[in-house]
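Chemist: Going down the list, the sequences are from chains B and R. Residue 13 in my numbering is what sits at position 13 of the first sequence, and the numbering runs on without skipping anything. Residue 11 in my numbering is what sits at position 11 of the second sequence, and the numbering runs on without skipping anything.
The set of hints was computed from the structure by calculation and includes no laboratory data. In this text, a Cβ means the ideal position worked out from N, Cα and C, and glycines have one as well. Mixed in with the good hints there might be a few duds.
[Claimed, not checked] Rough simulated footprint, nothing fancy, chain R against chain B, three-plus residues with beta-carbon under 8 Å: (1) 53–63; (2) 66–73; (3) 76–89; (4) 95–107.
[As the list claims (entries may be wrong)] Cβ pair distances, simulated, as ranges: (5) R58/R / F94/B: 33 to 39 Å; (6) A49/B / H3/R: 44 to 50 Å; (7) R58/R / W109/B: 17 to 23 Å; (8) N72/B / T34/R: 34 to 40 Å; (9) Q51/R / Q106/B: 38 to 44 Å; (10) Q43/R / T78/B: 33 to 39 Å; (11) T5/R / N91/B: 21 to 27 Å; (12) I87/B / Q44/R: 19 to 25 Å; (13) H3/R / Q111/B: 46 to 52 Å.
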Amino acid sequence: MPFTGTGNPYYTPPSGQPFHTAGGIGAGSIQEPTAQAAMAAPGVSGTAALNDRELMEILLVQHKFAAQTMTNTILESTSPQYRQECINILNRDFTHQRMIWEAMNQRGWYQPPSPQLPQQQQHTAASAQWS
Amino acid sequence: MHHLTQRELLMLDENLRLARSMARFAQSCAQQMTDPQLRAICQQIAVDHQQDYQTLSRLLGAQPF
């Protein structure tokens, strides 16, 4: 059964292609998510350049996805060396995610939701009780 | 090195592709962004993912075929 990936939006698995080799990348059809490609994506009006905020949003989503993928890899690994390397990569992903988030937050591009007021919390709890 | 299972090889292959894609996208962002601080962040991310790619490539290269 051919490998169909696990949901990576940027990866189209090559049919019948072997794994990568250390010496280079195979001839699989990888859709590189360059910023230029994102501009030309269907549904994007014209070829207007993505702004800094939009590019940072894509980077943030990428890192969340990468962290989830790497977590699955670690959970499934049996090789101690492979597992440790993946843990190191995952920790870097977390660091990147934090850097991206902080940069966005400083610019007001990613504001965490404000906490509920006590009055609102009581109202929510009461609604839940009678629903 | 401990031999990787078929499942591990499949996941390694996917992670390898992901690392390369992310490195190239971050590099592309570093060239296009207007904010110098954001450009620096993207450049650092690109370098780190290139290193991840090389690390994963070494692991795959150590496997018998």
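Chemist: Hint by hint, say whether it matches the structure.
Modeler: A quick look at each hint next to the structure:
1. 53–63: holds (count 6)
2. 66–73: holds (count 5)
3. 76–89: holds (count 11)
4. 95–107: holds (count 4)
5. R58/R / F94/B: 33 to 39 Å: About 22 Å separates the Cβ atoms of R58/R and F94/B, which means 33 to 39 Å is violated.
6. A49/B / H3/R: 44 to 50 Å: holds, 47 Å
7. R58/R / W109/B: 17 to 23 Å: violated, 37 Å
8. N72/B / T34/R: 34 to 40 Å: holds, 36 Å
9. Q51/R / Q106/B: 38 to 44 Å: Given a distance of about 26 Å, which is not inside 38 to 44 Å, the answer is violated.
10. Q43/R / T78/B: 33 to 39 Å: holds, 36 Å
11. T5/R / N91/B: 21 to 27 Å: Distance hint for T5/R, N91/B holds at roughly 24 Å.
12. I87/B / Q44/R: 19 to 25 Å: Holds, at about 20 Å.
13. H3/R / Q111/B: 46 to 52 Å: holds, 48 Å
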